[in-house]
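Engineer: For reference, the chains in residue letters:
Protein chains: 2
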Amino acid sequence: MPAPTSFNNYIDTHADAFIKRLGDAVAIQSISSDALRRQDVIVMGNWLNGQLNELGVETKLVDLGTHEMQGQTLQLPPAIIGRLGSDPAKKTVLIYGHYDVQPALKTDGWKTDPFTLVVDEDSGRLIGRGSTDDKGPILGWLNVLEAHKNLGIAMPVNVRFCFEGMEENGSEGLDECIQEEVKKGKDGWFDGVDCVCISDNYWLNTRTPALTYGLRGIAYFSINITGPGQDLHSGLFGRTVHEPMTDLIKLMSKLVDHNGDILIPGIDDMVPPHDEEELKLYQKMDYTIDDIEEAAGGKVALSSEKTTVLMGRMRQPSLSLHGIEGAFSAVGAKTVIPAKVGGKFSIRLVPPQTPEKIIPFVNAYLEAEFAKFNSKNKMEIEYLHGGKPWVADVKHWNFEAAKKAIEAVYKKTPDYTREGGSIPVTLTFAESLGVNVLLLPMGRADDGAHSTNEKLDRSNFIEGTKVLGTYLYEVGAAA
Amino acid sequence: MPAPTSFNNYIDTHADAFIKRLGDAVAIQSISSDALRRQDVIVMGNWLNGQLNELGVETKLVDLGTHEMQGQTLQLPPAIIGRLGSDPAKKTVLIYGHYDVQPALKTDGWKTDPFTLVVDEDSGRLIGRGSTDDKGPILGWLNVLEAHKNLGIAMPVNVRFCFEGMEENGSEGLDECIQEEVKKGKDGWFDGVDCVCISDNYWLNTRTPALTYGLRGIAYFSINITGPGQDLHSGLFGRTVHEPMTDLIKLMSKLVDHNGDILIPGIDDMVPPHDEEELKLYQKMDYTIDDIEEAAGGKVALSSEKTTVLMGRMRQPSLSLHGIEGAFSAVGAKTVIPAKVGGKFSIRLVPPQTPEKIIPFVNAYLEAEFAKFNSKNKMEIEYLHGGKPWVADVKHWNFEAAKKAIEAVYKKTPDYTREGGSIPVTLTFAESLGVNVLLLPMGRADDGAHSTNEKLDRSNFIEGTKVLGTYLYEVGAAA
Ligand SMILES: [Zn+2]
Ligand SMILES: [Zn+2]
Ligand SMILES: [Zn+2]
Ligand SMILES: [Zn+2]
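Going down the list, the protein sequences come from chains Z and A.
Using the working numbering, you'd call the opening residue of the first sequence number -13 and step up by one each time.
Using the working numbering, you'd call the opening residue of the second sequence number -13 and step up by one each time.
Because the hints were derived from the structure by calculation, they are not lab data.
Since this is a predicted model, take the numbers as computed values, not measurements.
Heads up, some of the hints might be wrong.
Stretches of chain A that chain Z covers, calculated by requiring three or more beta carbons in the stretch to come under 8 Å of a beta carbon on chain Z [unchecked claim]: (1) 197 to 206; (2) 211 to 220; (3) 274 to 287; (4) 398 to 412.
From the three backbone atoms N, C-alpha and C, an ideal C-beta is built for every residue, glycine too.
Make a model of the complete structure from these sequences and hints.
Structural biologist: Structure representation (C-alpha cells):
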C-alpha cells in the first residue's frame, strides 16, 4: 500500500520549510566528543524533544548519568524514548537515530561554516555538519510526522522512538537503557515492537538507493613489546640490544598479505564460501571499481573484479594495520630506539566469526611467531575492544516493505548491501527485542559523513522523507 | 711530563668554587632547540665569553646568521673562537665544546629542578641539565686556565678554542665557520693547530676512563608509501584497497633481522672482519654484559658474549627502525587506514661505509622488494640526512699524551673505545685541519646526558680537570 498522494504532495510543497528546520538542527553544535560542546548536545536533545512533543509524540528523557572525559566528569546527554499510537490492530515500528555529530572546524578544510547549513542551488547539496549523519534522517521522520498531523491523517503504524546523543562517542549508556526498557515488558515503551528501522548509513554509490542487511564486527588488538627500561639512542645501542620495534614490525608483517589475505591461520577459513545465489546479488549491485577508487581517492582497488572487491568489504573479514604507539611518529629524523611499542591492528568480522572465536587464533599465532625470534623482549597481546557482526533476513516483511517504498518513490530496485563497518546499536536491538532490524539509508556514498564539507543532497532529503513515510504504509499493510 | 704539583693542589683546594661556577652555568637555560630559550643560549654564550676574557683568552664572537625554527626567524647563538698563547716553540691544541643543552622539564621526571645544580653529598653527584653535556667539560678547561693564571705559571701549550651554542640542534652554521677560519690560513686563528681535543662523550662504564678513537656515521631514511587520497575507514575500505601500512610494514620487516643482522644485501659485507689484535682490544675493555643491560634498563643484550656486543656497537653497522609518520600513534583504538605513511629507519655506518656508498644498496633492495608486492600504492625512498664515520690513529702522540695524563691522575690504563653515535664536528676538524683529533671524555656512561636527572660525578669533574691540564703538559712534552 503506497502512501496517500496528499502525503507526497505535502512533502514536496513543504520542502523549503523542512530544509529550514534542518538548518536549525545543524546550527546546534552537538559534538559529543568535545567536552566544551557537551551543553550543546543537551540543547540539541531538548530541541528534538520539543519538536517531537509538538508533533504529538509522547516522550521521556532518560538520564544516562555521567562519565569521565578529557579530565572532567560530564553529564551524558539524555536518551529520548518516544511513542505515538497504541492501536493493537497496527504494527509497531521502532525508529532509532542520533542527534550528536562529529567535530568540525572551518580550518579542517570546510569551504563553508560547518554549522551553517548552506543550500548549494547548483548541485542541490545541503552542506553542513550533521546534514547526513544523522540529523537529516532524524528530521526526515519529523517531516513524516508533521505531514500526517497537518493533513489530519492517522499514522499507518504505531511508532516508537529511540534517539541518543552519544553515538559519535561510544554510545555511552545506551545499551543498558535499551535493555532496561525492554526488560520492563508490558510496562516498558518498547513493548509490542514488531520491527526496527535505523537510518544511519549510506547508499553504496550516488545513484541507487540501498537496503542494508549486514554489518561487520570488529576485534581490535595491540601487540605490546617491551624490553629496554627507557628509550635508547640508536648510536649507543644499535646492534647491542633486542630492539622492540624490530620484533614488532616483524610480527605485524605476518598478519596480512599485500593482497588482503589474512595470514593468521583459521580466520579466513572460518567464513563459508559464497553460493551462486549470493554471487548474483553482488553481480547485480550498481557498483564499479571506479566507484571504489573515487571514494578512496586513488587507483588502489585490490582487484579489477567488482564482485571480489565488494565481497572483500561486505562478506569477508579484513585486517588493517593502524599504527604504532610509543614509536617516533613526528616529522623529522629522531634516532631513537623506542623502549615500549604497541602495534595496533583490527580485524573486521563476518558471521560466524565473533571476537571470542577469533581471539584464541590471534593469540596462538602471534605467540608462536614471536617464540621463533628468540627475542629477550617481552610480548603481550592486548585485546582493546570488539563487537559481533550482524546479518538480517532480507526476505522478512520489514525489508520487503522498504523495498516497495523505494520502488514507489525512486522507481528503482534497491541494492542489497552489507556494510563493512559496525553500528553496534543494531545488534543491541536485534538481540534484546528479537525482531527484524532494517538499515534504511537516506544519504549517498559521497556524503562525507565524518569528513569535511558533509552534505545531504536535497533530493535524498525530500525523496528520502517520502521513502520513510511510504515504508511505514508498507509495514502497515504487511501480512 | 706531568703537571706541576701546584696545579693539582690548586684544583683540589678550589673544587667548591669550581662547582659553584658550574652551578652558575647550569642555571642559564641554554636550550638550543626551544625558540623561547634562544635568548638564554645567547646569554650563555656571553657568559662563557666573559669567563674566557677574564682568564686571559682573546676571543671573537662569530655571527652565524639566522635560521628558521618553529615558524620563526631566529638569531643563531655565536660561535666563540678564542686564543691564548702564540709561542712558536710550543704545540698548539684546539679545544672544542658546546654551551647549549638539551631541553629539560621537571615534569619529565627530574627529581630536582633541572636548572639548579644540586650537589648530592652522599653519592657525590652534581645533578643538573648540562652538568655533563657539555658544560662540565667546558668548565673543566676554565678551571685549568684559572689555575695557571692565579698560580702565575705559563700554559704548556698554545691553546685555541671553538665553542658553539647549537650542538644539540644540528650545529647550524658551525661547519662553514670552521672551514672559513681554516681557509684564512696565517690570518686565521686556527693557523698552526697541531691537534684537536674534544670532551663531549662518555666512558664506556662507570669505573674506567676512556679515550675514544672512532665514531659511527649514519644514513637516515624514510620509506614513503602513498595510495588512497585521504585516510580511510577500515570498516568501509578494509579488504578493498591496497593499504599503505601493509606495504610499509612488510618492507620495514625486511630491513633487519631480530639478531641485529642487516638484511639489505651488501651493507654488512662492506666491513672487513676484525683481526686478532683488534679482538684483543675488545677483550681488554672493562666491560660486561651487565654493564650494557644496566645502561639499557633491561636484560635485552643481543649476545652473552661481551666482544660480540661491543663490536656490534663500535665496529659494525646497525639498523634501527624508529617509527612511522602518518599512521595512528596515539593512545586508543582508531580504526583508520592511513593514506600516507613514512617509515623511518637509519643505518649507523663504520669505515669504509659512507652514506654515498650505501644509499644505492638501500634503494635497489627496497625497490626490488616492493616490486614483488604488485601493489598499486606508490613508494618513494627519502634520504633525510647522514654523516660519515670516523676513526683516528690511537698511536699518535695526541692519544699518547691523553693516555699518560689518565694514568697519572687515575692510576689506570684507559679503555680505547669507539662510539656508536656520531659527533659530526669531529670529522669537520679532522678533514679541514688534517690533524689528529682526540675524544677525551670527562663523564661516565651513566651520566644520562640527554635524559632526566643528568649528572656529573664530582670526582669526574675534579679529577677530570686534572686530566685536561695534565694532557696539555703531555702534549707540550711530546716529541
Ligand atoms: Zn551516524
Ligand atoms: Zn557518524
Ligand atoms: Zn654534547
Ligand atoms: Zn648532547
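Engineer: A separate judgement is required for each hint: does it hold in the structure or not?
Structural biologist: Outcome of the hint check:
no.: 1; hint: 197 to 206; verdict: holds (count 3)
no.: 2; hint: 211 to 220; verdict: holds (count 8)
no.: 3; hint: 274 to 287; verdict: holds (count 8)
no.: 4; hint: 398 to 412; verdict: holds (count 4)
Of the numbered hints listed earlier, not one is contradicted by the structure.
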